[in-house]
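Take these sequences, add in the hints, and give me the full structure.
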Amino acid sequence: SERPTRDATAQMSRRYDSRTTIFSPEGRLYQVEYAMEAISHAGTALGVLATDGVVLAAEKKMTSKLLEPARSSEKMYMIDDHVACAVAGITADANILINQARLHAQRYMYNYQEPQPVEQLVQRLCDEKQAYTQYGGLRPFGVSMLYAGWDKTHGFQLYQSDPSGNYNGWKATCIGANEKATTSLLKQEYKDGVALTDALQLAIKVLTKTADSTTLTPDKFDIATVTLVDGKVKYSQLSEVQGQALLDAAKEETASADA
Amino acid sequence: MSSIMQYNGAAIIAMVGKDCVAIASDKRFGIRNQTVGCEMKKVFQMNDKVLVGLTGLASDMQTLEQKFRFKNNLYRLREEREMSVTAFSNMVSSLLYESRFGPYFVEPVVAGLTEDGKPYLCGMDLLGAPVLTDDFMLAGDCPEAMFGLCESLYQPNLEPDDLFEVLAQCLLSGVDRDCLSGWGCVVHVLTPQGLTTRHLKGRMD
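Protein sequences appear in the order of chains A and B. My numbering puts the last residue of the first sequence at 259; the count rises by one with no breaks. My numbering puts the last residue of the second sequence at 464; the count rises by one with no breaks.
If you're looking for bench data, these hints aren't it; they were derived computationally from the structure. Any given hint could be a false lead.
Which chain A residues face chain B? A few, computed with CB under 8 Å, are given here [what the hints assert, rightly or not]:
1. R71
2. S72
3. M78
4. M109
5. Y110
6. K180
7. Q244
With a straight-line Cα cutoff of 30 Å, these simulated BS3-like cross-link-like pairs (lysine-lysine) come out [claimed, not checked]:
8. K234/A / K187/A
9. K232/A / K330/B
10. K300/B / K152/A
11. K326/B / K234/A
12. K326/B / K152/A
13. K326/B / K232/A
14. K234/A / K460/B
15. K300/B / K232/A
16. K152/A / K330/B
17. K277/B / K234/A
Beta carbons: idealized from backbone N, C-alpha and C, even for Gly.
Below, the structure is given as structure tokens:
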């Protein structure tokens with residue numbers, strides 16, 4: 001994009017936009033905020049933590065008929081056997097971060113011969129993101145990510161990170177478009193100690209209410225779970241059939257609630 | 260005359276049968292002439308269709324197995340499919356050659372089923388030079404004894420159970436001629452239906 005001129009009539013704040021590595025007079029990092037603005041145009045992704053698993057759900061924005069059906073999702077990725085993530089933002093940026101995350105996880109496994117604890121993985125990735133806000137004059141990554149995973153120290157966990165490199169652990173959270181509406185819905189409906197089946201229902205319910213498309217069909221969203229099966233962590237992406245079943249159940253629930 | 264490749268002791272034989280492969284290893288872990296362990300794992304399963312056996316220096320065997328897992332996991336995540344046995348074999352070869360001037364002291368044997376379900380065997384030297392065969396492949400401290408037995412007892416197109424018998428006998432008898440390998444053996448038989456692993460007791464000396 002165009003560099004701001006050194007013209008005295010230029011707005012005060014724009015002089016500080018062209019470099020990521022300095023603060024504005026109000027103590028803000030504009031490039032980071034602009035990155036978050038980019039993310040607010042991307043498809044919603046949300047996560048819900050349950051006692052026996054984590055749910056990740058995301059609305060897909062690229063649903064043209066002309067698209068060659070992709071085997072992999074543009075929203076959900078496996079990072080290692082025990083960690084998966086959902087992304088919102090610039091897909092190309094997300095690919096870089098996912099690749100880095102996968103390398104971190106394998107290097108940890110190679111060094112310690114055990115899976116990397118989820119928070120550590122998140123923290124390492126966030127350290128990378130932070131570097132782009134302080135060194136190098138490169139723009140930050142235009143991606144927010146939700147991480148769902150399990151490790152033997154802390155069990156099931158859900159984290160969210162943003163372009164600044166900040167991260168937090170959540171019981172339920174969302175990123176992308178309609179973030180405010182989705183968050184307030186999650187705040188209303190989420191209950192502590194919820195089981196995975198209920199978490200799935202909650203995720204679908206919230207997604208249906210806040211999705212951009214008027215009627216949500218299984219091809220317009222991805223939904224995945226991270227659970228423990230026979231003591232091993234299992235990441236499974238629900239099929240379109242299973243997605244449709246959840247949609248039907250959600251519709252019934254709203255119908256009976258309204259009745 | 261001590262060679263670093265014979266510091267720990269190992270013996271591996273792999274054979275091709277009718278739509279199946281089998282790979283067997285001994286279980287001795289020694290340090291020169293002292294036996295320190297009798298349950299050492301030398302054959303590793305990478306996925307449903309790929310097995311790799313390693314002989315040579317034990318620490319390099321372990322490190323390489325960990326490096327194989329590293330690359331295998333990344334491949335699986337990025338390509339969203341399992342590595343084929345030919346791809347894996349080439350990966351091992353490249354990995355070894357990368358250390359051309361300071362090599363890993365191992366001699367791997369890769370055994371598996373190709374995407375068409377055909378048996379595949381590949382043996383390599385410590386620099387990664389591959390040798391493909393359609394009958395048997397072996398590596399270890401007493402190759403002469405094992406070669407003799409394999410040449411005599413091997414027949415093509417053996418059914419999985421017969422292949423198991425032949426392979427087990429070749430290995431158990433072969434290691435008896437070598438003081439650095441033995442203490443029982445593990446035989447893995449890989450068919451399109453799955454993997455069967457059997458532990459056998461031989462002369463424990």
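Hint check results:
{"no.": "1", "hint": "R71", "in the structure": "holds (6 Å)"}
{"no.": "2", "hint": "S72", "in the structure": "holds (6 Å)"}
{"no.": "3", "hint": "M78", "in the structure": "holds (6 Å)"}
{"no.": "4", "hint": "M109", "in the structure": "holds (7 Å)"}
{"no.": "5", "hint": "Y110", "in the structure": "holds (5 Å)"}
{"no.": "6", "hint": "K180", "in the structure": "violated (33 Å)"}
{"no.": "7", "hint": "Q244", "in the structure": "violated (24 Å)"}
{"no.": "8", "hint": "K234/A / K187/A", "in the structure": "holds (27 Å)"}
{"no.": "9", "hint": "K232/A / K330/B", "in the structure": "holds (21 Å)"}
{"no.": "10", "hint": "K300/B / K152/A", "in the structure": "holds (26 Å)"}
{"no.": "11", "hint": "K326/B / K234/A", "in the structure": "holds (23 Å)"}
{"no.": "12", "hint": "K326/B / K152/A", "in the structure": "holds (24 Å)"}
{"no.": "13", "hint": "K326/B / K232/A", "in the structure": "holds (22 Å)"}
{"no.": "14", "hint": "K234/A / K460/B", "in the structure": "violated (37 Å)"}
{"no.": "15", "hint": "K300/B / K232/A", "in the structure": "holds (22 Å)"}
{"no.": "16", "hint": "K152/A / K330/B", "in the structure": "holds (24 Å)"}
{"no.": "17", "hint": "K277/B / K234/A", "in the structure": "violated (35 Å)"}
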